[in-house]
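Chains A and B are the protein sequences, given in the same order.
Following my numbering, the numbering of the first sequence begins with 47 at its first residue and continues without gaps.
Following my numbering, the numbering of the second sequence begins with 179 at its first residue and continues without gaps.
Please keep in mind that the hints were generated in silico from the structure rather than gathered at the bench.
There may be inaccurate statements among the hints.
Not everything, but these chain B residues come out facing chain A in the computed CB check (under 10 angstroms) [what the hints assert, rightly or not]: (1) I237; (2) H238; (3) P248; (4) S295; (5) V299; (6) P320.
Here a beta-carbon is modelled for each residue, glycine too, at the ideal position from N, C-alpha and C.
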Amino acid sequence: MDNAYLIETIIKVVVILLIFSALAGIGTYFERKVLAFMQRRLGPMNVGPFGLLQVGADGIKLFTKEDIIPTNVVGPIFKIAPVITAATAFMAAAAIPFLPSFELFGHEVHPIVADINIGILYVLGVMAVGLFGPLLGGMASANKFSLLSAARAAAVFISYEVVTGLAILAPIMMVGSLSLIDFNNYQIEHGWIVWSQPVAFVLFWIAAFAETGRTPFHLIANDHEIIDGFGTEYSGMRWGLFFIGEYANMFFISFVIPILFLGGFGDGSVLGAVALFGKMAFFFFFFLWTRAAWPDVRPDQLMWLCWKVLMPVAVINVVITGLVMMF
Amino acid sequence: MMEQFNNRNISDNGYFLVDIVDYPTTGWGKFKRAIDRTFKLELFVGLWVVLREMIKFDIHTISYPEEKMPIGPRYRAVHEMKRLWESDTERCIGCGLCEKICISDCIRMDTRIDEESRKEVSEYTINLGRCIFCGYCAEVCPELAITHGGEYENASDQREHFVDYEAMLTPMDVMKQNAQKEFEGFGAITPHEDERVKKTPLAY
Ligand code: SF4
Ligand code: SF4
Numbered sequence: 047m048d049n050a051y052l053i054e055t056i057i058k059v060v061v062i063l064l065i066f067s068a069l070a071g072i073g074t075y076f077e078r079k080v081l082a083f084m085q086r087r088l089g090p091m092n093v094g095p096f097g098l099l100q101v102g103a104d105g106i107k108l109f110t111k112e113d114i115i116p117t118n119v120v121g122p123i124f125k126i127a128p129v130i131t132a133a134t135a136f137m138a139a140a141a142i143p144f145l146p147s148f149e150l151f152g153h154e155v156h157p158i159v160a161d162i163n164i165g166i167l168y169v170l171g172v173m174a175v176g177l178f179g180p181l182l183g184g185m186a187s188a189n190k191f192s193l194l195s196a197a198r199a200a201a202v203f204i205s206y207e208v209v210t211g212l213a214i215l216a217p218i219m220m221v222g223s224l225s226l227i228d229f230n231n232y233q234i235e236h237g238w239i240v241w242s243q244p245v246a247f248v249l250f251w252i253a254a255f256a257e258t259g260r261t262p263f264h265l266i267a268n269d270h271e272i273i274d275g276f277g278t279e280y281s282g283m284r285w286g287l288f289f290i291g292e293y294a295n296m297f298f299i300s301f302v303i304p305i306l307f308l309g310g311f312g313d314g315s316v317l318g319a320v321a322l323f324g325k326m327a328f329f330f331f332f333f334l335w336t337r338a339a340w341p342d343v344r345p346d347q348l349m350w351l352c353w354k355v356l357m358p359v360a361v362i363n364v365v366i367t368g369l370v371m372m373f
Numbered sequence: 179m180m181e182q183f184n185n186r187n188i189s190d191n192g193y194f195l196v197d198i199v200d201y202p203t204t205g206w207g208k209f210k211r212a213i214d215r216t217f218k219l220e221l222f223v224g225l226w227v228v229l230r231e232m233i234k235f236d237i238h239t240i241s242y243p244e245e246k247m248p249i250g251p252r253y254r255a256v257h258e259m260k261r262l263w264e265s266d267t268e269r270c271i272g273c274g275l276c277e278k279i280c281i282s283d284c285i286r287m288d289t290r291i292d293e294e295s296r297k298e299v300s301e302y303t304i305n306l307g308r309c310i311f312c313g314y315c316a317e318v319c320p321e322l323a324i325t326h327g328g329e330y331e332n333a334s335d336q337r338e339h340f341v342d343y344e345a346m347l348t349p350m351d352v353m354k355q356n357a358q359k360e361f362e363g364f365g366a367i368t369p370h371e372d373e374r375v376k377k378t379p380l381a382y
């Protein structure tokens with residue numbers, strides 16, 4: 047491993063970390079604005095022009111708030127849980143190609159930290175580890191509502207991991223590789239995978255909502271209980287880390303869906319890169335859009351949907367794909 | 179805006195009965211309902227509704243401290259003491275009816291006989307922390323002296339929050355501009371009172 051490679055990787059890691067932490071903050075601004083406009087409100091208006099500096103104000107508030115560790119919690123686990131959520135969200139970004147490779151100062155830059163050959167498996171796996179954030183946080187909180195929320199989190203994530211895996215299996219069979227770069231290159235030759243695998247696309251998209259814990263599957267931190275589920279006992283930056291993790295996850299999933307199904311960044315032209323950002327923006331917007339439009343489902347309905355509808359459909363999809371590929 | 183407040187007839191303003199189908203009890207019924215809901219794409223109706231509102235951008239937010247909703251003329255907020263239009267003197271004759279009727283016992287007043295041997299209010303305070311803004315004082319006042327005003331923004335660092343006679347009384351400069359507003363709510367003279375008033379029988 048030569049030094050240039052090491053330095054390049056470190057720079058890439060730092061850039062991704064900075065950009066996506068900032069994006070997670072700006073994401074909250076967009077979420078508030080979009081939700082507000084859809085509900086005929088104005089959203090944040092008072093801090094800075096159009097409330098743009100609200101993000102900064104929130105950041106200052108989160109950083110300077112007292113970090114309260116309640117009396118009966120299991121200290122070390124309680125403290126580490128939010129870090130797990132945020133860290134795994136960013137770790138997942140390592141295998142995502144954000145842009146086509148480009149020349150910078152006569153040096154070929156691949157905007158992906160590590161093009162490992164198990165890319166998609168790694169992304170989904172690490173995102174799934176993020177489950178331990180809400181789960182451990184809720185269990186260590188010494189709060190019944192947090193505990194219930196942790197139980198829901200476990201149930202949701204375990205069920206939807208199955209759907210995600212099975213849905214993505216059919217495209218993987220077609221591409222014959224787990225690397226996201228290979229997915230992209232396959233789609234240059236054969237056209238977007240969404241045309242050949244529409245069912246897998248819809249299933250993966252539905253599962254992405256569960257994966258990020260967004261409405262209509264927002265029952266992990268169940269707002270209807272008025273309190274914040276597993277985050278109830280958290281304060282200050284620890285709570286903020288849960289938040290950053292959630293938003294970073296939304297951004298990364300919004301990148302992964304178009305790369306897997308909608309042609310990725312295309313043939314490497316600038317247009318392709320812009321298109322990828324456009325697609326990413328649409329999926330991110332869709333997360334906010336559904337939050338304004340749809341109600342949350344009950345845990346039992348969610349289980350019903352996963353095990354009785356989505357999983358059989360995914361299995362049938364895999365079987366049919368296999369048969370078509372065989373003959 | 180005022181019409182909106184006064185229109186109590188809500189029955190024909192677009193309210194209608196929603197036809198709610200009974201929940202299916204059989205397995206086949208439940209299956210049919212699930213299929214129905216999946217392929218009728220009802221979720222997209224919801225998506226369209228919120229997107230439409232976003233595109234129309236018909237924001238109904240009132241940026242409160244800068245903008246305020248108009249309140250009805252009958253609104254019962256912090257009390258005011260009115261003056262006579264003719265002589266600019268206080269209307270209150272110190273009869274004590276408001277103190278008597280106040281159900282939360284929050285009016286406290288004192289009177290004395292002044293130099294012209296007329297009754298005059300010397301002390302008059304209302305504890306707004308106790309007042310429930312029922313409007314009885316305004317209704318019972320024979321002189322239309324105590325009324326409710328439109329000032330609803332109060333803050334106090336304790337539960338007792340007093341307002342005294344001087345503060346409630348219409349300022350003289352407002353009187354000079356003929357800008358005193360009559361209260362239209364409890365105890366006020368109803369519109370067209372002049373036509374309806376009858377002479378006393380002895381005058382026939
Ligand atoms: S509004 Fe009611 S409670 Fe308040 S001072 Fe008048 S009579 Fe008393
Ligand atoms: S009822 Fe009217 S006139 Fe009598 S004391 Fe109260 S405010 Fe004065």
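Original post:
What are the numbers of the hints the structure violates, in ascending order?
Top reply: Result: hints 3, 4, 5, 6 break, sorted rising.
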